[in-house]
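Visitor: Protein chains in written order, with my numbering: chain Z, 1 to 352; chain W, 1 to 225.
For the record, the hints were derived by calculation from the structure and aren't laboratory data. Among the clues, some could well be false.
[As the list claims (entries may be wrong)] A partial selection of chain Z residues facing chain W, derived with a Cβ cut-off under 10 Å: (1) G47; (2) R103; (3) L105; (4) A191; (5) P194; (6) V212; (7) G267; (8) I342; (9) L343.
[Said to hold, decoys possible] Quick partial rundown of chain W residues pointing at chain Z, CB under 8 Å, derived from the structure: (10) N197; (11) P202; (12) D219.
Ideal Cβ positions, reconstructed from N, Cα and C, are used throughout, including at glycine.
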Amino acid sequence: MVMRRLHLTIQIDREGSREDAPPLCEAIGRTTVLGVFDGLGGAGAVGYQTPNGTFSGAYLASRRVRSSVREWSYEVLRSGEIPPDAGSRLEQRIRKDLNEYSRSLRPSGSRLRSSMLRTLPTTLTVLAVSEVGRPEPEVGNSADGLPSKVVCRYFWAGDSRGYLLSPDAGLQQLTRDHLKGSPDAYENLSADSPLSNCVCADRPFRLSEASVNGRTAAVFLAATDGCFGYLQSPVLFEGLLLDTLADSDSVGEWQDRLTAEVDRTTGDDATLSAVGVGFSGFQQMKESFAVRRERVEDRVGPLRVRQARRDELRSEAEAAEKEYSEALRTSWDEYRKSYEAILPSEGLGGTS
Amino acid sequence: MQGLTYGVDIVFCIDATGSMYPIIDRVKESALRFHEDLRRVMDDKSKSIDSLRVRAVVYRDYYFDDLSKAMEASEFFSLPQQASDFSRFVDGITATGGGDEPENGLEALAVAMRSNWAVDSDKRRQIIVVWTDASVHPLERKAGSKPEGYPEDLPADFDALTDMWEGQEHMDPNAKRLIVYAPDALGWTEIANHWENVIHFPSQGGKGLEEVDYSTILDTIANSI
């Protein structure tokens, strides 16, 4: 059986921002490099004049860092393997490229002072997913049909995330968000904590690095917070991924459905880059997630029921509030006829 | 399932002493348009605010003015429903009194921080905007013999005020933002240099604010929600 790698990207640009760079999804030999880059619109709001017009630091940073990562990918994968020092080389390259880039830019001459502002700030999450070899077959059997060993080395700064989606364990977060106070994924949906680390040109930053490996067929994803940060619980992101997968008959259709669904729920730019490894094709991938989808639905279903009940009660409360308000007005209009019957006209005093 | 809600509360601290007379109309106009501009920028980014409230803290000088004039604070007005009430309050502000600088800017900040901030939205912003052309009285001035009517519950010194800003009792550490249109002067420079989440435009009450910097301020607020 031939194993295929299934690639998918989504990009949603909100009018007036476009701070996420186009997602990176490069197949280089046996490795697929996934990358997402979310320019920080708040910290990078200062504008720069370029030959192509004026752009925010956030817009420029995400795209410049994407270019650095792409160049790094081809450089480190020249030998076919990700070298042990790949992370430090990536960090050095980004620092050098961003510093040179910031020196070449013409700031718009802002007089603002703020510790909130950064020069060319962006998040970065990069996954390098490699298939490193087939298992040895048992005597008398073929190795075909057994998944190859998959190694994922990943690097990140900020709150864009790497995920592993597998038929057995479902969605698992690979990257620990760099956020002040270290809230968990659920807490941060409302805490909205500021970043404790991001890539930028004017302050020290760090790239965190980790790896996972195994022989299971799985989907690896890199996603900016526009994809998952506007849902009310992390489980809903897995539900969104699996529902759109189940409703699709090709990778292209899954991509379109996912784009439409994220577009409907997000309030921000959103980019996602994904690769499925160890599956024989789209249909087999879809079928392998069917049981997991049922388990997720068991969790999400009761939440939907309670949400519907809450919405219903809110509507009833709003209607009751309006009704009460109107009743007070009507009651007064009737009551005042007698109540004000002997009240002197405005500007007049005296007794009745 | 979706539906995170967004709530933004804005408190305007306005120095209304006599020296602000040449620029008070522009400051009032800025206060009246700020929330509209912020909503427009948010709308442009497809972020819609579910709850928007504003209030004003008008301050002068407890050490010079009558108690009734030293500090006037409105309640929160919900917008757009109470927009005309808010306009009426702002329109009524006149630049008078205060004597020579410094003024009670730090006291006004404390009052602003003690606002009855909304807590019922999923994502929130607590924004304080200060307009002044003057330095500030140290909070510890005349400790033990404060003028009659000086509020008793204000922080004793700058460190205590800093604790109010950096702590969690009054301000939500993730939601707070402070925008200061003030000169490089005692109080404001320290705040700009040492407090978190502050944007300082060094000026006499925002005089000389270019559109590009105003856009940056709005973007800094809008993009971080």
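Visitor: The structure should be examined with respect to each hint, and the outcome stated for every one.
Guide: Structure-based check of each hint:
A distance limit of 10 Å between C-beta atoms decides the matter here; for Z/G47 the minimum to chain W is near 6 Å, and the interface restraint holds. Given hint, Z/R103 at the interface with chain W, is violated; its Cβ is 21 Å from that chain's nearest Cβ, farther than 10 Å. Taking 10 Å as the C-beta cut-off, the interface hint given for Z/L105 is violated, the closest approach to chain W being about 15 Å. At a threshold of 10 Å, the smallest CB-CB gap from Z/A191 to chain W is about 6 Å, leaving the interface hint in force.
Checking Z/P194 against chain W by beta carbon gives a least distance of about 6 Å; that is within 10 Å, so the hint holds. Annotation: Z/V212 was flagged as interfacial toward chain W, and the flag is violated, the nearest CB pair being 29 Å apart, outside 10 Å. Interface hint at Z/G267: satisfied, since its Cβ lies 5 Å from the closest Cβ of chain W, which is below the 10 Å cut-off. At its closest, the beta carbon of Z/I342 sits 32 Å from a beta carbon of chain W; the interface hint therefore is violated under the 10 Å criterion.
The interface hint given for Z/L343 is violated, since its Cβ lies 27 Å from the closest Cβ of chain W, which is over the 10 Å cut-off. Given hint, W/N197 at the interface with chain Z, holds; its Cβ is 6 Å from that chain's nearest Cβ, closer than 8 Å. With a least beta-carbon distance of about 7 Å to chain Z, the hint placing W/P202 at the interface is held under the 8 Å criterion. Contact between W/D219 and chain Z, as hinted, is supported at the beta carbon level, the nearest pair being about 4 Å apart and thus within 8 Å.
Violation of the numbered hints given earlier is confined to hints 2, 3, 6, 8 and 9; the remaining hints are satisfied by the structure.
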